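Heads up, the sequence shown is in UniProt numbering, so the first residue is 1 and it goes up one at a time.
Calculated from the structure, these hints are not laboratory results.
Careful, some of the hints might be misleading.
Claimed, not checked - Simulated restraints, written as ranges between beta carbons of each label pair:
#  : residue 1 : residue 2 : range
1  : T36       : T102      : 18 to 26 Å
2  : E8        : G96       : 20 to 28 Å
3  : K164      : W40       : 19 to 27 Å
4  : R71       : V4        : 14 to 22 Å
5  : V27       : A6        : 13 to 21 Å
6  : M66       : K108      : 17 to 25 Å
7  : A19       : T87       : 20 to 28 Å
8  : E15       : P74       : 34 to 42 Å
9  : I18       : K164      : 20 to 28 Å
10 : K164      : T36       : 42 to 50 Å
11 : K148      : R73       : 36 to 44 Å
Said to hold, decoys possible - In the SDA-like style, the derived pairs of lysine to any residue whose C-alpha atoms are separated by at most 20 Å in a straight line are:
#  : residue 1 : residue 2
12 : K148      : G38
13 : K108      : C23
14 : K126      : T137
Owing to the predicted nature of the structure, the values given are computational and were not obtained by experimental measurement.
All C-beta atoms, glycine included, are put in the ideal place defined by N, C-alpha and C.
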Amino acid sequence: MNEVTAHERIMAEAERIIALGECSESVAPYEVNQPTIGTWLDAMGYENERFRNGEAPPSMAQVWTMPGLGRRRPDDDPLSRMMEVLTAEGYTAVLGTNCEQTYERYLKVGEHLRVTTALDSVAGPKSTAMGEGYFVTSRNTWYVGPEKVATMLFRVLKFIPKEKA
């Protein structure tokens with residue numbers, strides 16, 4: 001009998017999710033607004049008059065669509081689904097994350113964003129000093145209406161911790 005390995009199950013699910021493309025969408029609960037921009041500037045210790053007068057710092061793109069406390073990501077969120085698959089296969093820890101963001105233009109007060117998410121890639125297994133893992137990369141794209149305004153590749157290394165000697 002030819003038994004399916006964990007790697008084959010992981011990669012089959014990754015291929016299925018990748019094929020869906022931008023399969024998850026969230027709409028920002030609030031429009032881009034000056035009070036939130038001001039609070040963000042204060043929290044970051046950043047001062048730029050441009051952002052006190054109707055424009056948002058580009059690096060705030062993700063702020064407008066983050067789930068926040070008490071809200072959940074959509075059920076069809078591909079990153080969450082891939083994390084569930086890896087967890088079920090014993091990859092229960094996260095060793096690291098990174099993100100690469102690209103901004104097409106500044107956002108303006110009053111604009112309403114939506115974000116789509118797609119699974120970009122799954123690579124592994126990779127062997128690290130901490131244990132074996134998979135790199136999972138998702139791609140978020142933010143829009144104002146049909147216009148793309150920002151993108152982000154978000155990468156997670158999900159792994160099985162090595163047993164301590």
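query = Which earlier hints can't be squared with this structure?
reply = 3, 4, 5, 8, 9, 11, 12 and 13
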